[in-house]
Amino acid sequence: MSRVGMKNYKKYFPLTSEINNSGDLTKRSQMLEEMGKTALTEMALVNPDYAKEIIEDFGGSVGGSLKEGISARALREKIISDGGQFYNALREDLTLTNTQAYITLLEQMIRGDFLAEVDKIMSLTYVNDDLMKSTGGANSLTLNIGEPTEAAVYSGSGDIMYYSEGINKIQISPIKIAAGTRIEWELSKYAQPSFMKWNLRRISNALQRNVAQTILSTLALGSTLQ
Amino acid sequence: MNYDAIIDQYTAIMGSKTANGVPYGFLPDKIVFSPAGYALFLKDSLIKNYVYFSAALNNNKEGTNLAKPIVYFYDMEVIHTPYLEVKVGGKDVQAILVDSAQAAMLVKASDVEVFEGRLPKSVDREVIMAMLFNVAVIFGKAVAVITA
Numbered sequence: 001m002s003r004v005g006m007k008n009y010k011k012y013f014p015l016t017s018e019i020n021n022s023g024d025l026t027k028r029s030q031m032l033e034e035m036g037k038t039a040l041t042e043m044a045l046v047n048p049d050y051a052k053e054i055i056e057d058f059g060g061s062v063g064g065s066l067k068e069g070i071s072a073r074a075l076r077e078k079i080i081s082d083g084g085q086f087y088n089a090l091r092e093d094l095t096l097t098n099t100q101a102y103i104t105l106l107e108q109m110i111r112g113d114f115l116a117e118v119d120k121i122m123s124l125t126y127v128n129d130d131l132m133k134s135t136g137g138a139n140s141l142t143l144n145i146g147e148p149t150e151a152a153v154y155s156g157s158g159d160i161m162y163y164s165e166g167i168n169k170i171q172i173s174p175i176k177i178a179a180g181t182r183i184e185w186e187l188s189k190y191a192q193p194s195f196m197k198w199n200l201r202r203i204s205n206a207l208q209r210n211v212a213q214t215i216l217s218t219l220a221l222g223s224t225l226q
Numbered sequence: 001m002n003y004d005a006i007i008d009q010y011t012a013i014m015g016s017k018t019a020n021g022v023p024y025g026f027l028p029d030k031i032v033f034s035p036a037g038y039a040l041f042l043k044d045s046l047i048k049n050y051v052y053f054s055a056a057l058n059n060n061k062e063g064t065n066l067a068k069p070i071v072y073f074y075d076m077e078v079i080h081t082p083y084l085e086v087k088v089g090g091k092d093v094q095a096i097l098v099d100s101a102q103a104a105m106l107v108k109a110s111d112v113e114v115f116e117g118r119l120p121k122s123v124d125r126e127v128i129m130a131m132l133f134n135v136a137v138i139f140g141k142a143v144a145v146i147t148a
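So the protein sequences, as listed, match chains A and B. Numbering-wise (our numbering), the first sequence opens with residue 1 and increments by one. Numbering-wise (our numbering), the second sequence opens with residue 1 and increments by one.
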């Protein structure tokens, strides 16, 4: 990081040492979130390169927390509201070989867009993220669904019935859905931010359609009250 | 689709019992409408009256909104989506009532991930978005469907 970069870095992250020395994880994550929301979004607008440097420099766990701490929607809105400036930077970034930070920003923008629209449909279900945490190579989940039993008064010697109607097993294997779009060189060359934004939004729209339709169709077909 | 059909399915979910006769305790908290179902819902004379009177009651100086969107129907959040396109028993589904906490499980194996790179033998780039997930209905009696 250059001297100028370091100067800006200090300016935007005055609490870094305090955060690193803080043993309180809750406090630390709160501070990181606050930082992510204010400092990094501002920095991404002022100079995307510094934001990129910081994401890269932090790396590891702190970088992870920092990235998690940013509200994707807030970042997206800020970046889109100043689309011209961001996409001019994006045009330059497209020519870089290491585009990790660019992808992070792009991802947050598209994911924020996706979540904003499909959130309501996803809220119809209970979200289980066990497979996201799976490290043992598991690619499906077997859920043991027990019908609720009756709570009753038991005498000292009685056996408690956990599932009076037995257990249903449901096996769930994830399906992979994907959508893509092509960004022509001319688009980035001539920096057409609005059209590029429109083009990128089509991916998240395609994914939204699929996720929403899958959830709604499953609910309708799985219903026993028809 | 009419007012009575919604009430019937609402009570059907709440009245669901196990084979032992014990109530599940489901409480529908969301209702999802297809565009056709939403149109019929809004055209129902009882709903029109509700909209009419609730707008009158909430009159204020912020200007006139002739027909305010319906956000809640009883204690169910109203969701209006074009993505509800499914047939059950050969009939179009117009609405789904659901106890969102218990009815179904969305198993996410990945977040929405974005891949970006140059297309082979081209100067263009592509952006791909992918996700691993699936959905399973856990308690079929916590979901009710209103068909055409």
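Calculated directly from the structure, the hints in this document are not laboratory data. Treat the numbers as computed from the prediction; the structure is a model and nothing was measured. It is possible that some hints are incorrect.
Claimed, not checked - Straight-line C-alpha distance at most 25 Å; calculated BS3-like pairs for lysine-lysine:
id, chain 1, residue 1, chain 2, residue 2
1, A, Lys197, A, Lys120
2, B, Lys30, B, Lys91
3, A, Lys169, B, Lys91
4, B, Lys121, A, Lys120
5, A, Lys120, B, Lys17
6, A, Lys133, B, Lys141
Said to hold, decoys possible - Examples of chain A residues toward chain B, derived with CB under 7 Å:
id, residue
7, Pro174
8, Trp185
9, Met196
Unchecked claim - Where chain A lies over chain B, by a calculated footprint (3+ residues, C-beta under 8 Å):
id, stretch
10, 7–21
11, 39–51
12, 67–76
13, 120–129
14, 133–139
We treat Cβ as the ideally placed atom computed from N, Cα and C, and that holds for glycine.
Consistency of the hints with the structure:
The hinted pair formed by A:Lys197 and A:Lys120 meets the criterion: a straight-line CA distance of about 23 Å does not exceed 25 Å. Using a Cα cut-off of 25 Å, the hinted pair B:Lys30 and B:Lys91 holds, with the two alpha carbons roughly 22 Å apart. About 29 Å separates the Cα atoms of A:Lys169 and B:Lys91, which puts this hinted pair outside 25 Å; it is violated. Between B:Lys121 and A:Lys120 the CA atoms are separated by roughly 41 Å; this puts the pair beyond 25 Å, and the hint is violated.
Between the alpha carbons of A:Lys120 and B:Lys17 the distance comes to roughly 28 Å, so the proposed pair goes past 25 Å and is violated. For a cut-off of 25 Å, the pair hint linking A:Lys133 to B:Lys141 is broken: about 30 Å separates their Cα positions. With a cut of 7 Å, the hint placing A:Pro174 at the interface with chain B holds, because the nearest CB-to-CB distance is about 4 Å. For the restraint placing A:Trp185 at the interface with chain B, the shortest Cβ-Cβ distance is roughly 4 Å, inside the 7 Å limit, so the hint holds.
Taken as an interface hint, A:Met196 does not check out: its beta carbon lies about 10 Å from the nearest beta carbon of chain B, beyond 7 Å. Figure legend: the stretch 7–21 of chain B, annotated as covered by chain A; annotation consistent (7 residues with Cβ-Cβ distances under 8 Å, at least 3 required). Proximity of the stretch 39–51 of chain B to chain A, defined as three or more residues with a beta carbon under 8 Å from a beta carbon of that chain, is not established by the 0 residues found. Check on the stretch 67–76 of chain B: 0 of its residues sit with their Cβ under 8 Å from a Cβ of chain A, so the three-residue criterion for coverage is violated.
Proximity of the stretch 120–129 of chain B to chain A, defined as three or more residues with a beta carbon under 8 Å from a beta carbon of that chain, is established by the 7 residues found. Counting residues of the stretch 133–139 of chain B whose C-beta lies closer than 8 Å to any C-beta of chain A gives 7; at least three are required, and the coverage claim holds.
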